[in-house]
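The residues making up each chain are set out below.
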Amino acid sequence: MSFNPLTERGIPLDRQLRSWSELNVQPYDPDGVHPYTRCRVIVMNGIEVESIMNSHNMARHVSDLGLKQQLALVRRAEQHQQRAVNWMIPGSESTLEVTIGYEQVAVDLTSWLARHEPDPYLKKVYEFALLEDFDHLYRYANLMDLTGERRKAEQITGDLTEILPGRPTIFQHRDPHDELRRPMTLKAAHIQSVLNGITILSAEQQTMNYYMNVGNRPTDPLARALYLEIAMIEEQHVTHYESILDPTMSWLTSWVLHEYNECWMYWSCFSTETDPRMKALWELHLNMEIEHLRVACECMREIEDRDPAEFLPERGFAAPLTFEQNKEYVRDVLARTVEWTGYDAQFVPIQQLPPDHRFFGYQRVVNQGGSPTEQVIDQHRTQFGSEYRRADGAPHPIESLRESGPGDRFPYAQAVANSEATTGVRVAS
Amino acid sequence: MTQEEKHSPVRHTFDKLQDVVGGMMGRMSASMVSSANQFVEKAALSDRYEIMAGRIALRRTKSPDLVMLAKTMIADHTASTHNLQAALEMQETRGVMAPPAELDARHKTLVEHLEAAPDDMFDSTYIDQQVLAHEEALSLLVHFRDHGDNPQLRSCAEAFAPVVYRHLQHCKALKQGH
Chain A
344 MSFNPLTERG
354 IPLDRQLRSW
364 SELNVQPYDP
374 DGVHPYTRCR
384 VIVMNGIEVE
394 SIMNSHNMAR
404 HVSDLGLKQQ
414 LALVRRAEQH
424 QQRAVNWMIP
434 GSESTLEVTI
444 GYEQVAVDLT
454 SWLARHEPDP
464 YLKKVYEFAL
474 LEDFDHLYRY
484 ANLMDLTGER
494 RKAEQITGDL
504 TEILPGRPTI
514 FQHRDPHDEL
524 RRPMTLKAAH
534 IQSVLNGITI
544 LSAEQQTMNY
554 YMNVGNRPTD
564 PLARALYLEI
574 AMIEEQHVTH
584 YESILDPTMS
594 WLTSWVLHEY
604 NECWMYWSCF
614 STETDPRMKA
624 LWELHLNMEI
634 EHLRVACECM
644 REIEDRDPAE
654 FLPERGFAAP
664 LTFEQNKEYV
674 RDVLARTVEW
684 TGYDAQFVPI
694 QQLPPDHRFF
704 GYQRVVNQGG
714 SPTEQVIDQH
724 RTQFGSEYRR
734 ADGAPHPIES
744 LRESGPGDRF
754 PYAQAVANSE
764 ATTGVRVAS
Chain B
19 MTQEEKHSPV
29 RHTFDKLQDV
39 VGGMMGRMSA
49 SMVSSANQFV
59 EKAALSDRYE
69 IMAGRIALRR
79 TKSPDLVMLA
89 KTMIADHTAS
99 THNLQAALEM
109 QETRGVMAPP
119 AELDARHKTL
129 VEHLEAAPDD
139 MFDSTYIDQQ
149 VLAHEEALSL
159 LVHFRDHGDN
169 PQLRSCAEAF
179 APVVYRHLQH
189 CKALKQGH
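Listed in order, the protein sequences are those of chains A and B.
Going from the first sequence to this note's numbering is simple: count from 1 and add 343.
Going from the second sequence to this note's numbering is simple: count from 1 and add 18.
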C-alpha cells in the first residue's frame with residue numbers, strides 16, 4: 344500500500360473555501376466515537392495548527408509579495424481545515440475528557456513513530472518522551488476520578504491504552520540544556536524520520552497550547568496545579584522534538600515538507616478510519632492538501648530554482664501512520680529505559696549523573712513545596728484507599744512503581760537521595 | 019604533582035614554546051580535515067583536552083575570571099562531546115569510526131605542561147593554551163563544516179563553530195588582561 348501525492352491531482356485552491364455552516368460540522372458522538380477516531384481528530388488539529396503557524400512565521404520573514412500571497416491563500420484554506428477538524432470535538436466532552444484523549448494520542452502516536460523510526464538515535468528520542476506522556480495519562484486519570492466526572496478514563500481510552508505510572512512526572516523536570524537533542528539532516532536522513540519529526544512536534548506543541556489555554560479553567564486548585572505542572576513538561580517536549588529537525592532548511596523547504604507531511608497524515612487517517620463520515624472528511628482534506636503541496640513545490644521551483652524531488656521520495660509514502668494498541672511495546676520501553684534522563688543531547692541512566700549535576704538543582708527549585716502530580720495520587724489514595732490504574736493483569740514491569748512497590752528503591756529516588764547525601768543539599772521537599 | 023616536580027621557569031619556557039609549535043602544526047592539520055573519521059578523532063580529542071584542562075584550572079587557579087572560564091569550558095565541551103556521541107549513534111554516521119578512548123601524545127603533553135607550570139605562571143599558561151587550542155578547534159570546525167564528507171558531522175561542526183568562536187574571542191580578551 345503506497346501513495347504518492349506528487350502524482351495526484353487535488354482540488355484547485357479557488358474551490359477550497361467553505362461557508363460557516365459547512366465548517367460548523369456536527370461533532371462526533373462522545374459516547375459512540377471510537378477512541379482512535381478521537382485521537383485522529385486531536386492529532387490532525389495539531390498538524391493544522393503547526394502548518395498554519397509555520398506559514399505565519401514564514402510570512403514574517405519574507406518580503407516577496409507574490410510568495411506572501413501564495414502563503415496567505417494556502418493558509419486560509421488550512422484555517423478552514425483546522426476549523427472543520429477541531430469543531431468535531433463536541434462541547435459535551437469535558438476539558439478533562441479531551442485531556443485524556445490528548446494523552447492517549449501522545450502514548451499511541453509516539454509509540455507508532457518510535458516503532459517505525461529508522462534512525463536508532465531518534466528512536467531513543469521518541470521512547471524517552473513516550474514514558475513521560477504515559478505517566479501524564481495516569482496522573483490525569485486519577486484527577487478525573489477524583490473530580491467525579493460522569494466517565495472514567497478507561498471509557499475515553501476504550502481500554503486500548505493501559506493507565507499506569509511511567510517515568511514519574513516529578514522526575515521529568517530537567518534543566519533546559521538537557522532538552523536539546525542532535526538534529527537530523529535533510530540531506531542524509533530517511534524521509535520517514537522527517538515526517539515522524541514534524542508529526543510529533545505538531546502533536547506535542549498542540550498539547551502544550553491546549554493545556555496552557557484550558558489549564559486555568561478548573562476551580563479546583565489541585566486540577567489547576569496539575570495542568571500547569573504537566574504543561575511545563577509539554578514545553579520541554581516541544582523543545583526536545585523541535586531540536587531534532589534540520590535547522591538549516593530554507594523557509595520554502597520547510598513549507599514543502601509541512602505540506603508533504605499533511606498529505607501523509609490525511610492519507611493515513613483516510614486509510615485507517617472506521618467512521619464513514621470522518622473518512623469522507625479526511626479524504627476531502629487529503630485532496631485539498633495535494634493542491635497545497637503542488638503550490639508549495641511550484642514556489643520552490645520558481646523562487647529557489649530547486650526541485651523538491653531533491654529531497655522527496657520518488658515513490659511516495661510507504662505506509663500509513665496507524666493508531667493501534669501498543670501495550671506490550673510501552674511495557675518493554677518501561678522495562679528498558681524508565682531510569683533514563685537527558686544530559687545534553689544524550690540519554691543516560693539517572694545513576695550516571697554526578698551528584699552535583701544541574702538536574703538536582705533544577706529539581707530542588709521547581710519541586711520545592713511539593714509536586715501536584717504526586718499530590719493528585721496521594722489525594723486519590725486518601726479518598727478512595729487506592730490509586731486509579733487500568734492494566735491488563737500483568738504487574739507493572741518496574742517493581743518499585745507497583746501500587747504497593749518500594750518507591751524508595753526507584754532509581755530516581757535513589758539518585759536524589761545520593762545527591763542529597765553527597766552534596767548536603769536537600770533536593771526533595 | 020608536588021612543588022618539586024613542577025618545571026623550572028627555564029624548562030617552562032621551553033614547554034610553552036613546544037605548545038606553540040604543536041598548536042601551529044595542529045591548526046594546520048585541522049584546517050585540512052574533510053574525512054569523517056579524522057573529524058571525529060580530532061573533535062573528540064579537542065573536547066577531552068578542554069575538559070581535562072578545565073578541571074586542572076579549577077584546581078589550580080585563584081583567578082575568578084579563569085574559574086568562570088574553566089567552568090564554561092567543561093560545560094560547553096561536555097555538551098559538544100555528547101552531541102558528537104549522539105551524532106555517532108545516528109544512521110547518518112553508520113560506518114564512521116568511534117572516537118579514541120584516550121588523549122593523543124600532543125594533547126597529553128599540553129596537559130602535562132599545564133600540570134607542571136609553576137604556580138605563578140599557571141594562569142598565563144592556561145590562557146595561552148586556550149587560545150592555541152581554540153584556534154585549532156575553530157579551524158577544524160569551519161573547514162569541516164564547509165568541506166566535510168558527512169552531512170551529520172558537518173551539522174555538528176556548524177552547531178559548535180559559533181560557540182568555539184566566542185570562546186576564542188573571550189580567551190583572547192582574557193589574555194590581554196593577564
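Honestly, the hints are just simulated from the structure, not real lab data.
Among the hints, a few may not be true.
Reference excerpt, derived from the structure (chain A facing chain B, CB under 10 Å, subset only) [stated by the list, open to error]:
#1 GLY491
#2 ARG494
#3 LYS530
#4 ASP687
#5 GLN689
#6 PRO692
#7 GLY767
Facing chain B, a subset of chain A residues (Cβ under 10 Å, in silico) [claimed, not checked]:
#8 LEU627
#9 PRO656
#10 ARG658
As a list, the in silico SDA-like pairs of lysine to any residue whose alpha-carbon atoms are at most 20 Å apart [to be verified]:
#11 LYS530(A) <-> GLU176(B)
#12 LYS530(A) <-> GLN109(B)
#13 LYS89(B) <-> TYR705(A)
#14 LYS530(A) <-> LYS89(B)
#15 LYS467(A) <-> ARG124(B)
#16 LYS670(A) <-> PRO738(A)
#17 LYS530(A) <-> HIS161(B)
#18 LYS467(A) <-> HIS161(B)
#19 LYS89(B) <-> ASP699(A)
#20 LYS89(B) <-> PRO738(A)
#21 LYS89(B) <-> LYS670(A)
Note that this is a predicted model, so its numbers are computed, not measured.
A virtual CB, placed ideally from N, CA and C, is assigned to each residue, including glycine.
Do the hints match the structure? See the list:
Annotation: GLY491(A) was flagged as interfacial toward chain B, and the flag is violated, the nearest CB pair being 46 Å apart, outside 10 Å. Given the 10 Å rule on beta carbons, the hint for ARG494(A) is violated: about 42 Å separates it from the nearest Cβ of chain B. For the restraint placing LYS530(A) at the interface with chain B, the shortest Cβ-Cβ distance is roughly 4 Å, inside the 10 Å limit, so the hint holds. With its C-beta approaching chain B no nearer than about 4 Å, ASP687(A) sits inside the 10 Å limit, and its interface hint holds.
Given the 10 Å rule on beta carbons, the hint for GLN689(A) holds: about 4 Å separates it from the nearest Cβ of chain B. Because the beta carbon of PRO692(A) sits about 15 Å from the nearest beta carbon in chain B, more than 10 Å, this interface hint is broken. Because the closest C-beta pair between GLY767(A) and chain B is about 20 Å apart, greater than 10 Å, the hint is violated. The criterion of a C-beta within 10 Å of any C-beta in chain B is not met by LEU627(A), whose closest approach is roughly 36 Å, and the hint is violated.
Because the beta carbon of PRO656(A) sits about 16 Å from the nearest beta carbon in chain B, more than 10 Å, this interface hint is broken. Taking 10 Å as the C-beta contact cut-off toward chain B, the hint placing ARG658(A) at the interface is violated, the least distance being around 19 Å. With a C-alpha separation of about 15 Å, the suggested pairing of LYS530(A) with GLU176(B) holds against the 20 Å cut-off. This hinted pair checks out: LYS530(A) and GLN109(B) have alpha carbons roughly 12 Å apart, not beyond 20 Å.
Under the criterion of a C-alpha separation no larger than 20 Å, the hint pairing LYS89(B) with TYR705(A) is consistent with the structure, at around 18 Å. Taking the CA atoms of LYS530(A) and LYS89(B), the gap is about 35 Å. The hint is violated against a cut of 20 Å. Distance check on the hinted pair: LYS467(A) and ARG124(B) sit about 36 Å apart at the alpha-carbon level, beyond 20 Å; violated. At roughly 13 Å between alpha-carbon atoms, LYS670(A) and PRO738(A) fall within 20 Å of each other, so this suggested pair holds.
At roughly 19 Å between alpha-carbon atoms, LYS530(A) and HIS161(B) fall within 20 Å of each other, so this suggested pair holds. Distance hint between LYS467(A) and HIS161(B) is unfulfilled; the C-alpha atoms sit about 31 Å from each other, more than 20 Å. Our distance criterion of 20 Å between C-alpha atoms is met by LYS89(B) and ASP699(A), whose separation comes to about 13 Å. Proposed proximity of LYS89(B) and PRO738(A) is contradicted: the alpha carbons are some 45 Å apart, above 20 Å.
Restraint check for LYS89(B) and LYS670(A): not satisfied, since their Cα atoms lie roughly 44 Å apart, outside the 20 Å limit.
Checked against the numbered hints listed earlier, the structure breaks hints 1, 2, 6, 7, 8, 9, 10, 14, 15, 18, 20 and 21; every other hint is satisfied.
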